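Engineer: Listed below, chain by chain, are the residues.
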Amino acid sequence: MKLFKHALAIDEIVAVTGGEGHSKQTLKLDNVCEVSEANARSVVFCEQDRLVETLRQSQAGLILTNDAFAAHFENRNVIVCEKPYFSFMKLVSYWLSLDAGEVEYRIHPTAIIDPEARFEGEVAIGAYSVIEACTTLGKGVRIGSGCNIGKKVSIGAGSIIHNQVCIYDDTVLGKNCEIHSGVVLGADGFGYLVLDGRQTKIPQVGNVVVHDDVEIGANSTVDRATLGSTVIGKGTKIDNLVQVGHNCVIGENSVLCAQVGLAGSTIVGDYVYLAGQVGAAGHITIGSRAMVGAQSGIAGNVPAGARLFGTPAGDANQMKRVFVAQKHLPDMLRDYQKRLKERDQ
Amino acid sequence: MKLFKHALAIDEIVAVTGGEGHSKQTLKLDNVCEVSEANARSVVFCEQDRLVETLRQSQAGLILTNDAFAAHFENRNVIVCEKPYFSFMKLVSYWLSLDAGEVEYRIHPTAIIDPEARFEGEVAIGAYSVIEACTTLGKGVRIGSGCNIGKKVSIGAGSIIHNQVCIYDDTVLGKNCEIHSGVVLGADGFGYLVLDGRQTKIPQVGNVVVHDDVEIGANSTVDRATLGSTVIGKGTKIDNLVQVGHNCVIGENSVLCAQVGLAGSTIVGDYVYLAGQVGAAGHITIGSRAMVGAQSGIAGNVPAGARLFGTPAGDANQMKRVFVAQKHLPDMLRDYQKRLKERDQ
Amino acid sequence: MKLFKHALAIDEIVAVTGGEGHSKQTLKLDNVCEVSEANARSVVFCEQDRLVETLRQSQAGLILTNDAFAAHFENRNVIVCEKPYFSFMKLVSYWLSLDAGEVEYRIHPTAIIDPEARFEGEVAIGAYSVIEACTTLGKGVRIGSGCNIGKKVSIGAGSIIHNQVCIYDDTVLGKNCEIHSGVVLGADGFGYLVLDGRQTKIPQVGNVVVHDDVEIGANSTVDRATLGSTVIGKGTKIDNLVQVGHNCVIGENSVLCAQVGLAGSTIVGDYVYLAGQVGAAGHITIGSRAMVGAQSGIAGNVPAGARLFGTPAGDANQMKRVFVAQKHLPDMLRDYQKRLKERDQ
Numbered sequence: 001m002k003l004f005k006h007a008l009a010i011d012e013i014v015a016v017t018g019g020e021g022h023s024k025q026t027l028k029l030d031n032v033c034e035v036s037e038a039n040a041r042s043v044v045f046c047e048q049d050r051l052v053e054t055l056r057q058s059q060a061g062l063i064l065t066n067d068a069f070a071a072h073f074e075n076r077n078v079i080v081c082e083k084p085y086f087s088f089m090k091l092v093s094y095w096l097s098l099d100a101g102e103v104e105y106r107i108h109p110t111a112i113i114d115p116e117a118r119f120e121g122e123v124a125i126g127a128y129s130v131i132e133a134c135t136t137l138g139k140g141v142r143i144g145s146g147c148n149i150g151k152k153v154s155i156g157a158g159s160i161i162h163n164q165v166c167i168y169d170d171t172v173l174g175k176n177c178e179i180h181s182g183v184v185l186g187a188d189g190f191g192y193l194v195l196d197g198r199q200t201k202i203p204q205v206g207n208v209v210v211h212d213d214v215e216i217g218a219n220s221t222v223d224r225a226t227l228g229s230t231v232i233g234k235g236t237k238i239d240n241l242v243q244v245g246h247n248c249v250i251g252e253n254s255v256l257c258a259q260v261g262l263a264g265s266t267i268v269g270d271y272v273y274l275a276g277q278v279g280a281a282g283h284i285t286i287g288s289r290a291m292v293g294a295q296s297g298i299a300g301n302v303p304a305g306a307r308l309f310g311t312p313a314g315d316a317n318q319m320k321r322v323f324v325a326q327k328h329l330p331d332m333l334r335d336y337q338k339r340l341k342e343r344d345q
Numbered sequence: 001m002k003l004f005k006h007a008l009a010i011d012e013i014v015a016v017t018g019g020e021g022h023s024k025q026t027l028k029l030d031n032v033c034e035v036s037e038a039n040a041r042s043v044v045f046c047e048q049d050r051l052v053e054t055l056r057q058s059q060a061g062l063i064l065t066n067d068a069f070a071a072h073f074e075n076r077n078v079i080v081c082e083k084p085y086f087s088f089m090k091l092v093s094y095w096l097s098l099d100a101g102e103v104e105y106r107i108h109p110t111a112i113i114d115p116e117a118r119f120e121g122e123v124a125i126g127a128y129s130v131i132e133a134c135t136t137l138g139k140g141v142r143i144g145s146g147c148n149i150g151k152k153v154s155i156g157a158g159s160i161i162h163n164q165v166c167i168y169d170d171t172v173l174g175k176n177c178e179i180h181s182g183v184v185l186g187a188d189g190f191g192y193l194v195l196d197g198r199q200t201k202i203p204q205v206g207n208v209v210v211h212d213d214v215e216i217g218a219n220s221t222v223d224r225a226t227l228g229s230t231v232i233g234k235g236t237k238i239d240n241l242v243q244v245g246h247n248c249v250i251g252e253n254s255v256l257c258a259q260v261g262l263a264g265s266t267i268v269g270d271y272v273y274l275a276g277q278v279g280a281a282g283h284i285t286i287g288s289r290a291m292v293g294a295q296s297g298i299a300g301n302v303p304a305g306a307r308l309f310g311t312p313a314g315d316a317n318q319m320k321r322v323f324v325a326q327k328h329l330p331d332m333l334r335d336y337q338k339r340l341k342e343r344d345q
Numbered sequence: 001m002k003l004f005k006h007a008l009a010i011d012e013i014v015a016v017t018g019g020e021g022h023s024k025q026t027l028k029l030d031n032v033c034e035v036s037e038a039n040a041r042s043v044v045f046c047e048q049d050r051l052v053e054t055l056r057q058s059q060a061g062l063i064l065t066n067d068a069f070a071a072h073f074e075n076r077n078v079i080v081c082e083k084p085y086f087s088f089m090k091l092v093s094y095w096l097s098l099d100a101g102e103v104e105y106r107i108h109p110t111a112i113i114d115p116e117a118r119f120e121g122e123v124a125i126g127a128y129s130v131i132e133a134c135t136t137l138g139k140g141v142r143i144g145s146g147c148n149i150g151k152k153v154s155i156g157a158g159s160i161i162h163n164q165v166c167i168y169d170d171t172v173l174g175k176n177c178e179i180h181s182g183v184v185l186g187a188d189g190f191g192y193l194v195l196d197g198r199q200t201k202i203p204q205v206g207n208v209v210v211h212d213d214v215e216i217g218a219n220s221t222v223d224r225a226t227l228g229s230t231v232i233g234k235g236t237k238i239d240n241l242v243q244v245g246h247n248c249v250i251g252e253n254s255v256l257c258a259q260v261g262l263a264g265s266t267i268v269g270d271y272v273y274l275a276g277q278v279g280a281a282g283h284i285t286i287g288s289r290a291m292v293g294a295q296s297g298i299a300g301n302v303p304a305g306a307r308l309f310g311t312p313a314g315d316a317n318q319m320k321r322v323f324v325a326q327k328h329l330p331d332m333l334r335d336y337q338k339r340l341k342e343r344d345q
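Protein chains in written order, with the numbering used here: chain A, 1 to 345; chain B, 1 to 345; chain C, 1 to 345.
The following block holds chain A by itself, in its conformation from the complex (with noise of 0.2 Å):
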């Protein structure tokens, strides 16, 4: 249950979402939840079937749902709406922004900063950070506590960078990027040759760039690029524990769900679905609006819009059909082999 400060009254919710109410005008609304948990001052939402029930038994003081399931909810405050989900979206956003009020730009004492770096506003940094030299931060933007922001990084207006973010030299980073506590951007990127047996480092003087509106799971990795640039497009949306190598240039509004892995130099397009724990080789291009599913292996270049599953990935209708077959395939082996033993009579 999410619990705001500022109670809010059903003519206000429905100033904000746009939808048609009911209202009991004395009602003051103070929190969201699942249905589950609802209570006289909560507000849910309801297009699903199989919360209905639920819903009627619960103590929810309103409902935002959509014409068809309203007639569920005949003696309760209902809040009828073309698209619950995304008017429900609206009303937490605008809740959570009233609660936030004006944001203080407070720089903690214990905060180290470079008399060299640049900040173009009112920033926010928590304690214990370090932001070394020639490195700009534009306005508004909050850094959390424990983060390393190292030598000439550029980060733009209105970013978030939440606790224990560690940021290498020389990494841009554009507006209004969240990036989550535990990621490391611009590490060196992977590669040695083996020269007279050993393992010998390449150098990575590259570095990483991340264009606008572009959120960074927790713990994710992004590596510089041994020369030029490894590029994350703007609004692509990174999940957990993801590994982008060195020199990938990622389109925009792309999706990386948790634990997926790009090798070095690869491409990906605009509005490209990875799903969890996909990997993808390095050197390759992934066409945009491909949709891969979860834990395929993509081993060469995707065709903008196609569909892949499976490792080596292929045709998504297709492996399907493989993993159905495959099945029979233990039976089908025994044909087989009984009609060779047959043969060689």
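The reader is advised that the hints may include incorrect statements.
[What the hints assert, rightly or not] Chain B is faced by these chain C residues, among others (derived, beta-carbon under 8 Å):
id, residue
1, G138
2, A187
3, L227
[What the hints assert, rightly or not] Computed from the model, here is a short list of chain C residues facing chain B with C-beta under 8 Å:
id, residue
4, V172
5, G182
6, A263
7, S265
8, G287
9, R321
It should be emphasised that the hints constitute simulated quantities derived from the structure, not laboratory data. This one's a predicted model, so the numbers in the text were calculated from it and none came from an experiment. Ideal Cβ placement from N, Cα and C applies to all residues, glycine included.
Given the structure of chain A, go ahead and fit chains B and C onto it with the hints provided.
Structural biologist: Chains B and C alone, transformed into the frame defined by chain A:
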């Protein structure tokens, strides 16, 4: 080799392990180790044939073994136990606690503790850790160095938080939990809707609830719920680099090995065993006592007690037969194509 | 583009790279970059056909290339080398060291160093790092900011520990290692026994031993041994988000790509190559110079020099034939089922 500060006589060790001891009274033991590194003051255990010869030739001061194996070590100091490994573990635990002595509950002067944080007894907090407002630490909680504990967090009595752990606001941790370095609890769940061509974030206002006796390995991540709670049940053990998505609910005494990934809203029962790198789709249920082989990809509901393997995961025995049969697939294909050709002629 | 503080004349570059140079004496170069971003002061290398045209049209100030390619760049500044990429790497390494100049060994005043820690020469320690008791740092060790180095740790001369690394007690690190941000060395191995229905922790009292010249990528984890040591051999290179389980012993000059996971007690030889997301079961041996394809799952012992692929991993060539044949499986099944039907009639 683990060297302990307090040396123990064989009699004391017999008392702790509960076995039957043959003792040279004067000998003092001060370490436990692998058989190959044993010295005259080492305690080792033996219940495997392959270790006997090495152990016979070692200097090991004391051998915990069972009745069957004791014959191999005639002129040696031996304690005969029913379960040597278990007795050995008991000894090590005892010895560790003896060495630890009275725990000193010290709050490092560099720890930054919000005046609205509340301690329910003595606690230890390391250097450069930050405890935010309205957070409660139970009696005997030990927090390492460089940790960030957010607002309205609750940590139950006796829990150990190692160095550099990040706990976001609203997280609830039970008693006697152990959270290893680099763990991130409560980062935002991963949810977006495409609106007007942009990936738009779904606000994540739930939390993470971890019950008693849970251990979470280094650099693992557990995301907060979108609404409600992501839950880790009592006694469940999570290895390193594991991802638990938003709104997952994991039962009691389950085991998630390294690099397992659970997508959002998946329900895992009690005593479930997920081997390394297993992935599970979202919105599915994995029944209690299910065992899932390494790297398996769980695409749908799993009945209680099932043994699964493969991607997509199927019955482990059947999948093993499939994998054996698979090796013949190229030959089978040649046969099939030959017959096709013959038919066409 | 990597811009260096010191500009170099072509003659100097010839001296470093050892090739044969055609030089305009007055030109000074100050950066290395990808061909596509080259300016008049850039040094680039070319040994690939696909880059020739872009490079001909670029402003690149100096081109390292081989004899065969040199003809494409007639009126340009060229150094002809036997191995252009290798010569280029040498140049970059030289240039980096030139820029780095004399390393300044500074201990930040906020670093907390136990009086019982010992330094064997000049060392650098960043802000807010904590070095615990009885830990030894070799000559020239550089530790970043926000690191936690436990008790009785030993770090060999010349090793670089980047920001926010966590090293647990008793870890031994060799000389000239490089450990990236977010790495956790020495967290507890993952071992439990079910006693009276509860997952009961097996005490983990071994340690981690990392030999000389090892590099470990961001957010990787190496667990301490239960007894004895988890060992990473000399010159082995580990990428990001890799998990090395307790009691693993990895040989020399092996390469573990991103998100590889090794379960406990697995032995890996020398010059082994494990591609991204490979998993290996516990208690197995992977022979020297084995190469294992991405996402493979190694279930049993691997002979030296083997080439493996797939889950469960098999001979790479055979597995490739299996994967090719697999696409025909649905057709083969239809054929099989038709024949079954005919037989039954």
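Engineer: Hints first: check each against the structure and report whether it holds.
Structural biologist: Taking the hints in turn, this is what the structure says about them:
1. G138: violated, 22 Å
2. A187: holds, 4 Å
3. L227: holds, 5 Å
4. V172: violated, 12 Å
5. G182: Hint holds; G182/C Cβ to chain B Cβ min 6 Å, cut 8 Å.
6. A263: holds, 6 Å
7. S265: Violated. Min distance 11 Å.
8. G287: violated, 19 Å
9. R321: R321/C check passes; min Cβ-Cβ to chain B is 4 Å, inside 8 Å.
The structure does not agree with the numbered hints 1, 4, 7 and 8 stated previously, though it agrees with the rest.
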